[in-house]
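Student: Each protein sequence line maps, in turn, to chains A and B.
Just so we're aligned, residue 1 is where the first sequence starts under the UniProt record's numbering, counting upward by one.
Just so we're aligned, residue 1 is where the second sequence starts under the UniProt record's numbering, counting upward by one.
If you're looking for bench data, these hints aren't it; they were derived computationally from the structure.
Glycine included, every Cβ here is placed at the ideal spot set by N, Cα and C.
Fair warning: there could be bad hints in the mix.
[What the hints assert, rightly or not] Listed next, with one range per pair, are the computed distances between beta-carbon atoms:
| hint | chain 1 | residue 1 | chain 2 | residue 2 | range |
| --- | --- | --- | --- | --- | --- |
| 1 | B | 106 | A | 104 | 46 to 54 Å |
| 2 | B | 106 | A | 52 | 28 to 36 Å |
| 3 | A | 7 | B | 79 | 18 to 26 Å |
[Unchecked claim] Computed cross-link-like contacts, DMTMM-like style, restricted to lysine to aspartate or glutamate with a CA-CA straight-line distance of at most 20 Å:
| hint | chain 1 | residue 1 | chain 2 | residue 2 |
| --- | --- | --- | --- | --- |
| 4 | B | 108 | B | 173 |
| 5 | B | 162 | B | 173 |
| 6 | A | 276 | B | 229 |
| 7 | A | 220 | A | 168 |
| 8 | A | 190 | A | 219 |
| 9 | A | 130 | B | 105 |
| 10 | A | 276 | B | 173 |
| 11 | B | 162 | B | 229 |
| 12 | A | 106 | B | 105 |
| 13 | A | 130 | B | 11 |
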Amino acid sequence: MGEPSRLGIGARGLVLGLGCLAVVVPFWAVLMTSIASPEEISRAGGFVLWTREPTLDAYRAVLSGGIVTRALMVSAGITAVGTALSLVATIALAYALSRPGSLLHKPILLMTVFTLLFNPGIIPMYLTVKQLGLLDNYLALILPVMLNAFNVIVMRAFFLGIPGELLESAFMDGAGEVRILLRIVLPLSKAVVAVIGLFYAVAYWNAFFSAMLYLQSPEKWPLQLVLRTYVVNDTPIGSDQLSSSLESLPPQISVQMAILVISILPILLIYPFIQKHFAKGLMVGAVKG
Amino acid sequence: MHSLRNRWRRDRILLLLALPGVTALLLFHYLPLGGNIIAFQDFQPFLGIWHSPYVGLDNFEPVLTGDPVFLNALVNTLIITLIQVVFVFPLPICLALILNATISERFKRLTQSILYMPHFLSWVIVVALFQQMFGNGGMLNGWLRSADLSTFHIVGVPELFKLMITSQVIWKDTGWSTIIFLAALSRVDPAQIEAAVVDGASAVRRLWHVTLPAIRSVIVLLLILRLGDSLSVGFEQIILQQAQVGAGASEVLDTYVYNHGIVGGDWGTAAAVGLIKGIVGVALVLGANRVAHALGEQGVYTK
Numbered sequence: 001m002g003e004p005s006r007l008g009i010g011a012r013g014l015v016l017g018l019g020c021l022a023v024v025v026p027f028w029a030v031l032m033t034s035i036a037s038p039e040e041i042s043r044a045g046g047f048v049l050w051t052r053e054p055t056l057d058a059y060r061a062v063l064s065g066g067i068v069t070r071a072l073m074v075s076a077g078i079t080a081v082g083t084a085l086s087l088v089a090t091i092a093l094a095y096a097l098s099r100p101g102s103l104l105h106k107p108i109l110l111m112t113v114f115t116l117l118f119n120p121g122i123i124p125m126y127l128t129v130k131q132l133g134l135l136d137n138y139l140a141l142i143l144p145v146m147l148n149a150f151n152v153i154v155m156r157a158f159f160l161g162i163p164g165e166l167l168e169s170a171f172m173d174g175a176g177e178v179r180i181l182l183r184i185v186l187p188l189s190k191a192v193v194a195v196i197g198l199f200y201a202v203a204y205w206n207a208f209f210s211a212m213l214y215l216q217s218p219e220k221w222p223l224q225l226v227l228r229t230y231v232v233n234d235t236p237i238g239s240d241q242l243s244s245s246l247e248s249l250p251p252q253i254s255v256q257m258a259i260l261v262i263s264i265l266p267i268l269l270i271y272p273f274i275q276k277h278f279a280k281g282l283m284v285g286a287v288k289g
Numbered sequence: 001m002h003s004l005r006n007r008w009r010r011d012r013i014l015l016l017l018a019l020p021g022v023t024a025l026l027l028f029h030y031l032p033l034g035g036n037i038i039a040f041q042d043f044q045p046f047l048g049i050w051h052s053p054y055v056g057l058d059n060f061e062p063v064l065t066g067d068p069v070f071l072n073a074l075v076n077t078l079i080i081t082l083i084q085v086v087f088v089f090p091l092p093i094c095l096a097l098i099l100n101a102t103i104s105e106r107f108k109r110l111t112q113s114i115l116y117m118p119h120f121l122s123w124v125i126v127v128a129l130f131q132q133m134f135g136n137g138g139m140l141n142g143w144l145r146s147a148d149l150s151t152f153h154i155v156g157v158p159e160l161f162k163l164m165i166t167s168q169v170i171w172k173d174t175g176w177s178t179i180i181f182l183a184a185l186s187r188v189d190p191a192q193i194e195a196a197v198v199d200g201a202s203a204v205r206r207l208w209h210v211t212l213p214a215i216r217s218v219i220v221l222l223l224i225l226r227l228g229d230s231l232s233v234g235f236e237q238i239i240l241q242q243a244q245v246g247a248g249a250s251e252v253l254d255t256y257v258y259n260h261g262i263v264g265g266d267w268g269t270a271a272a273v274g275l276i277k278g279i280v281g282v283a284l285v286l287g288a289n290r291v292a293h294a295l296g297e298q299g300v301y302t303k
């Protein structure tokens, strides 16, 4: 490759560095403000970029059993159950579609791919969920998005890349389809399963519009709706909502920032473990699919 | 039908495995697709789909007669799409080219991990972060106030709304969108670049004649897919901020459907607009794919 000039390297480094700062600074400001003491916050007139008197009062207030704690449990539950169901359905369908020549495999594949082209629309979707009696039910946040056709296609492409002789010899030895899927195909597909699992988990954790649409009672709210109401819309959050045992509530802003941190943290924690699989897991599938 | 019975015996496990997924698709994709029939009905929730009276094309009236509320939503949608195709779409390509040319592998990996991150945050979080940074009580204005400078009102200003949502989209997804271009770039033949260097091609000419043609098919593919989505612009993102800036600057087709149907109970009109939106989206993808084929590209599917 041609040697880039020193100026070129400098300019690229600067662009990338500024890009990274634009991502990191908001997180940093939010985290620091969430653990800053009330005095520091009032002295700074809002955001704190470096705290010398860190305190966890805001987290104590938020996690002491009020609406935020409940929302956290709801979000965690939906994410766990939803991701598990989604992965099982996706893996099973992708495997069935990866065995060429099997009965009905062409029409089912066509039916799956077609859903990528046409979205049913908000109104019919809402009426369907209502008709099925799922309004105000957590299942409304899981079942409609349980199967994502794009994820099926990516996973199927990955399965198709597994050498056929391997499966053939297992059949010779008398293994059935389920056994082959569990013992041979899945162990070879950890990267793609991790990545698709992350995609599903993030989608369930982040679900905002479907929760707004299908859940009516505030005590069922997941974290995203709490965030919308108390952080984006800036509705004051008081001791009724937090059921806090602290004598005086921490400043509004540190409570808000603590809620933000709690909703970002799980993603930040899982992300590094899965990120290394992105290239391997996603690309094989996407490029072929 | 002996062979069919044999195949059934052999493949019934596979069909059983496909069953949960297929059921989900039928129930939550194909069934609602049929629900679009209410676009032609005077839909009454207590009568339901089976008993609501048919009204022909009455629900399409706001669309056909150019009702100003609908036109406003349409115009906003098209403006936002135009901004995103012209200004946002090329950014990941530029970023991928910069990342691809970066010398240190470690620096590249670190930057990638950081820049991919915002893609995994919800729109609620992204909107909240932007408000905390640029809102009237936000960090930027806090600094300006403490430096005795005049403050900027950025959040909640209708004139700046399209700029605001564009910067949010850029912040959230530019990094992540590079992933597919980087994969395409990694398959550019180094021998070709060597040859261009030997022939004395400048960096710009190498970019123009070797690198960009190598990723052209990926660029075309993503552009076609983007066109299919062109009438769905940032629904969650916009609905979250609509209260602050009003419908004039922020109503798009998706929010129109939501506000008229679910909030306003005008089911028929909302379904009609949603249906048109879906059909136009499919038409755009198929049309763009034809153009791509005519120009010798592969497109989304091959002929």
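Student: Tell me the numbers of any earlier hints that the structure contravenes, in ascending order.
Tutor: Hints 3, 6, 7, 8, 9, 12, 13 not satisfied by this model.
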